[in-house]
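Novice: Based on these hints, arrange chain B on the given structure of chain A.
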Amino acid sequence: MSDGSMTIGAAIAPAGATKRTVQAHGSRRTYSAYALVTPAAVLMLIMLLGPLAGVIALSFTDYQLGAPHFSWIGLSNYQDLFADKVFWTALRNTLAYVVIVVPGAVIAGLAIALLIQSGTSLRSLYRTIYFLPVMATLIAMAVVWEFMLHPQFGLVNGMLRGAGLPAFSWLQDRSTALYALCAIGIWQAVGFNMVLFLAGLVSIPKQLYEAAEIDGASSGWARFRLVTWPMLGPVTTFVVVISGIRSFQVFDTVHVLTKGGPSKSTEVLIHTMYTEGFEFFRSGYAAAITVVFLVFVLLLTLIKSRLADRGVHYT
Amino acid sequence: MAQIELSAIRKSFDGTDVLKGIDFRIEDGEFISLVGPSGCGKSTLLRIIAGLEPQNSGQVHIDGRPVDAIRPSARNLAMVFQSYALYPHLSTFDNIAVPLRMRRLSAIERLPLLGKLLPGRRAKERHIRADVEGIAEQLDISPLLRRKPGQLSGGQRQRVAVGRAMVREPLAFLFDEPLSNLDAKLRVHMRAELAELHRRLKATFVYVTHDQAEAMTMSSRIAVMMGGELIQAGTPAEIYNDPRDIRVAEFIGSPKINVLPGRIRKDGGLDVLGTAVKLSCQAAAGECRVGVRPERIDLGAGPFSGTVVHLENLGAEAFVHLAIEGAGLRLIARLADVRQLPAMASSITFGFAPDAVRIFDPAGKRIEIRLEQPERVREPAHV
Numbered sequence: 001m002s003d004g005s006m007t008i009g010a011a012i013a014p015a016g017a018t019k020r021t022v023q024a025h026g027s028r029r030t031y032s033a034y035a036l037v038t039p040a041a042v043l044m045l046i047m048l049l050g051p052l053a054g055v056i057a058l059s060f061t062d063y064q065l066g067a068p069h070f071s072w073i074g075l076s077n078y079q080d081l082f083a084d085k086v087f088w089t090a091l092r093n094t095l096a097y098v099v100i101v102v103p104g105a106v107i108a109g110l111a112i113a114l115l116i117q118s119g120t121s122l123r124s125l126y127r128t129i130y131f132l133p134v135m136a137t138l139i140a141m142a143v144v145w146e147f148m149l150h151p152q153f154g155l156v157n158g159m160l161r162g163a164g165l166p167a168f169s170w171l172q173d174r175s176t177a178l179y180a181l182c183a184i185g186i187w188q189a190v191g192f193n194m195v196l197f198l199a200g201l202v203s204i205p206k207q208l209y210e211a212a213e214i215d216g217a218s219s220g221w222a223r224f225r226l227v228t229w230p231m232l233g234p235v236t237t238f239v240v241v242i243s244g245i246r247s248f249q250v251f252d253t254v255h256v257l258t259k260g261g262p263s264k265s266t267e268v269l270i271h272t273m274y275t276e277g278f279e280f281f282r283s284g285y286a287a288a289i290t291v292v293f294l295v296f297v298l299l300l301t302l303i304k305s306r307l308a309d310r311g312v313h314y315t
Numbered sequence: 001m002a003q004i005e006l007s008a009i010r011k012s013f014d015g016t017d018v019l020k021g022i023d024f025r026i027e028d029g030e031f032i033s034l035v036g037p038s039g040c041g042k043s044t045l046l047r048i049i050a051g052l053e054p055q056n057s058g059q060v061h062i063d064g065r066p067v068d069a070i071r072p073s074a075r076n077l078a079m080v081f082q083s084y085a086l087y088p089h090l091s092t093f094d095n096i097a098v099p100l101r102m103r104r105l106s107a108i109e110r111l112p113l114l115g116k117l118l119p120g121r122r123a124k125e126r127h128i129r130a131d132v133e134g135i136a137e138q139l140d141i142s143p144l145l146r147r148k149p150g151q152l153s154g155g156q157r158q159r160v161a162v163g164r165a166m167v168r169e170p171l172a173f174l175f176d177e178p179l180s181n182l183d184a185k186l187r188v189h190m191r192a193e194l195a196e197l198h199r200r201l202k203a204t205f206v207y208v209t210h211d212q213a214e215a216m217t218m219s220s221r222i223a224v225m226m227g228g229e230l231i232q233a234g235t236p237a238e239i240y241n242d243p244r245d246i247r248v249a250e251f252i253g254s255p256k257i258n259v260l261p262g263r264i265r266k267d268g269g270l271d272v273l274g275t276a277v278k279l280s281c282q283a284a285a286g287e288c289r290v291g292v293r294p295e296r297i298d299l300g301a302g303p304f305s306g307t308v309v310h311l312e313n314l315g316a317e318a319f320v321h322l323a324i325e326g327a328g329l330r331l332i333a334r335l336a337d338v339r340q341l342p343a344m345a346s347s348i349t350f351g352f353a354p355d356a357v358r359i360f361d362p363a364g365k366r367i368e369i370r371l372e373q374p375e376r377v378r379e380p381a382h383v
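Heads up: the sequence lines are chains A and B, in that order. The first sequence: position 74 = 74 (full-length UniProt numbering), numbered continuously. The second sequence: position 364 = 364 (full-length UniProt numbering), numbered continuously.
This is chain B alone, in the form it adopts within the complex:
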């Protein structure tokens, strides 16, 4: 359907740089999530793609064609808004029919009374009806077609908004945090539905969200944005396992990745919390930050110890919050087997495999590591 290319997009509002040169290429049929904390410029980028906001510099190409001088209505993109932006005075049917009527009927045919008398109008209106009903069928909203948006629940409005976007078969779909107004349960459900819709339509989806779970579960690729820059783009697994920047590592994953103080020795070895870990790197000696995901922390064995300060038992899994004596920091470990929950305030030892470690330099950039022994080692050397 469409491939979207952004080159050197810059945007500032009243002297504040919101986007600082974004270069990105969205492939045909991809489900791309633009994810980042609020204020990182992701919605602005989406609006620039849609044409609702002009960029200060840089180009947008859709299917190789520059669209910077083309107004939003002519770009043939569909957008689903956070507030859905349904026309409150129109029924569900008419809401979905709007994009078709705007494109297929001339201005005169759209006139309230006179338009109905024109010869071609009736046949066109029949086609529109068939298309809208087909879409409603697909989205399971056929019984709602005569209702007004005010009489629909949040999830139903969401579907109508998606239907309005789908009906004219656009080049690409743009979603601006479409699930954030729904309750948690419905959000999980709609996540699956949207992913399913993407598989069925095979269209290009650009999806803006601040919820990393949405990005992880639906997208074929994630683009993480921070402070107006696109820091890393890759598949959900790449972003999760191989973050190139500590901000990416901290943003993706829930609970957050544990960051421990570390030190790279002169010989390239690594000390974490004063304990040597069996891996080495080629960076210059000095301070560094060591990230370990909660599920990679092994409780009950290892060179480190901490006190249990908080327990979160979710039934299927549990999170153990540990305070580390002397270091003044807390970390979270995921426990797969809730039957082995440690007691509150008890002291517990823990460790992690060397391949669970991601090291970042003081500026937050990732440092490549080399495992000293290829096979996984549970027991790091005691010092």
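This is chain A alone, in the form it adopts within the complex:
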């Protein structure tokens, strides 16, 4: 240690004498450094930050899609938005959807991953089966769900009747429509989460489980609490945030199955934005909804990076 600092000190002393040349050198080096990051910076501006700034700017105008003129109207889009009951319904529904789908998809994904991991045979078969919904187009799958949830000849009601339970008209009933969509959302996200959890499980050193067993963790639950759950911490954070962002973006099932109905009971943010922007052509208003949506996603991302910084990574 002391050797190291000696040599560093010795190296610095003569450097002071030639400070001038170093500075001249330095500025030239700064220019070339900027030149080198320019392509990446420009691309980022055009592809990511530009559109974002555009959307934010648009939200302060009364622009309508295809209109030749627009004028700046300040915050009045936001005033309209916050006064609009549909917006608040959409926001409430979206949050309810996130609050149900995220824990559901994370817990189910983890449970399936644990089951597959502890199984001895047919692992890759199960993995593929559970991953299928992720690979399939959700729009196409939504059509299948529509059939399954059909009040008269749907599979779900058929099974309920077979078990002697009352049937529902799932997607047509105000009280069940959102929950039916949540179920589809969980079904769709579970496979993706499972794959991430499986990757996390594989990377846990086997010796930790052996050490836990020797240390007296005889039950599966004790080993899960002592080893699996903490070791999956980084994966879980990632999965929760990704599931959260994806749930906020829910659109395709809503659009195909309910169009936000019945009576706005499944209206969600992105669907409201779509309706305002592409059916009523109120681009400025839709942009304002997008900004609100972005704020939520940004919040989630901030939480994730905060958690990641807090040292959930071990070595």
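Treat the hints loosely; a few may be bogus.
Stated by the list, open to error - Straight-line distance between alpha carbons at most 30 Å, and here's what the computed BS3-like set of lysine-lysine pairs gives:
#1 K206(A) x K185(B)
#2 K256(B) x K206(A)
#3 K365(B) x K20(B)
#4 K256(B) x K185(B)
As the list claims (entries may be wrong) - Some but not every residue of chain A turned toward chain B, in silico, with C-beta under 10 Å:
#5 G74
#6 Y78
#7 D80
#8 A83
#9 P205
#10 L208
#11 A212
#12 D215
#13 A217
#14 S218
#15 A222
#16 R225
#17 L226
#18 M231
#19 G233
Hints listed in this document are in silico derivations from the structure and should not be mistaken for laboratory results. Remember, predicted model here, so these are calculated numbers, not experimental data. Just so it is clear, CB atoms sit at the ideal spot from N, CA and C, and this is done for glycine as well.
Specialist: Below, chain B without anything else, positioned relative to chain A:
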């Protein structure tokens, strides 16, 4: 504390026999090293004792009680792993406290928030704290208690792993190559520390290593394993001086024992490299192998001669590598006095005392010898 008895332990993985019937008895308070080259089954045997691996047949008894149907957590053995297997998310304190919490707290008391509210928990937690701090004191890791394993050096992690094993006073300690991840200097230091720990705890230690130096320096007894069999067990001195098998002789000792071609004459006398040595044995006449330890080779006098091909001067001692003309073999002699180092490529004569010789039959089994004259003879007869 505990005596461990293994009887007829067999184990195979996918049709490969890893252990071929091990019978062994580890006495109470012994420091036993299971030593052998990689793949000899020593780690598997340790894992069978721990219960982490089920044997195909045979029994393990701990203190006379069969434990084959008892899971590892209930056998009350502690194990130190090669990778230490510390819980990376827990501090040093919590790592050492895990075995105590698992045993002293109920499942409900271990629950993250609710557990703290239960009446008995606080008192138990106080006892655990006192025990962990006592262990940390003993191992000199008190300042490290709040650090995570990622912030510790290899040697410190090693101590934490030992602390986690010690804290609950197990029946026996199992070590699976615990020093192999440390650098050479630290390894020598930890060797002394572990031996010291054994003397202090007086517990049964079962120590697996492929490093014969570790086995020689720490253990009260060594069990040498080769190819799934336990070939010889005995004190380090016995194993070194009285190997029953040429594989044991070759494995123990560094540099390796010199093996010379020999021949047993019809009258029971022995020729080494065509020169008669003053000893006899009762084995049938024929080829044999003659082992002589490097430190038992006397340079500068004797009936044999070789060319110096390589010198290793370690300062306190030196090793002289000799090539023997005509025989196409090399041997190593230890020179205690480095000031008498021979020149490279020079020719030098050497010999050895008859009692330095260990003879093995072609199958590798030891042949007993009888010295022809009881007193040590330096000058074997010239032929």
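Novice: Next, verify each hint and record whether it holds.
Specialist: Right, here's what the structure says about each hint:
1. K206(A) x K185(B): It holds: about 29 Å lies between the C-alpha atoms, which stays within 30 Å.
2. K256(B) x K206(A): The given pair, whose Cα atoms are some 36 Å apart, is violated under the 30 Å limit.
3. K365(B) x K20(B): It holds: about 19 Å lies between the C-alpha atoms, which stays within 30 Å.
4. K256(B) x K185(B): Holds, because 22 Å separates the two Cα atoms, which is no more than 30 Å.
5. G74: Violated: closest Cβ of chain B sits about 48 Å from G74(A), beyond 10 Å.
6. Y78: violated, 41 Å
7. D80: Result: violated, 45 Å to nearest chain B Cβ.
8. A83: At 42 Å from the nearest chain B Cβ, A83(A) fails the 10 Å test, so the hint is violated.
9. P205: holds, 7 Å
10. L208: L208(A) check passes; min Cβ-Cβ to chain B is 5 Å, inside 10 Å.
11. A212: Interface hint status for A212(A): holds (8 Å vs cutoff 10 Å).
12. D215: holds, 4 Å
13. A217: holds, 6 Å
14. S218: holds, 4 Å
15. A222: Constraint on A222(A) satisfied, holds at 7 Å.
16. R225: holds, 7 Å
17. L226: holds, 7 Å
18. M231: This interface hint holds because 7 Å falls under the 10 Å limit.
19. G233: holds, 7 Å
In the structure shown, a violation is registered for the earlier hints numbered 2, 5, 6, 7 and 8, in ascending order.
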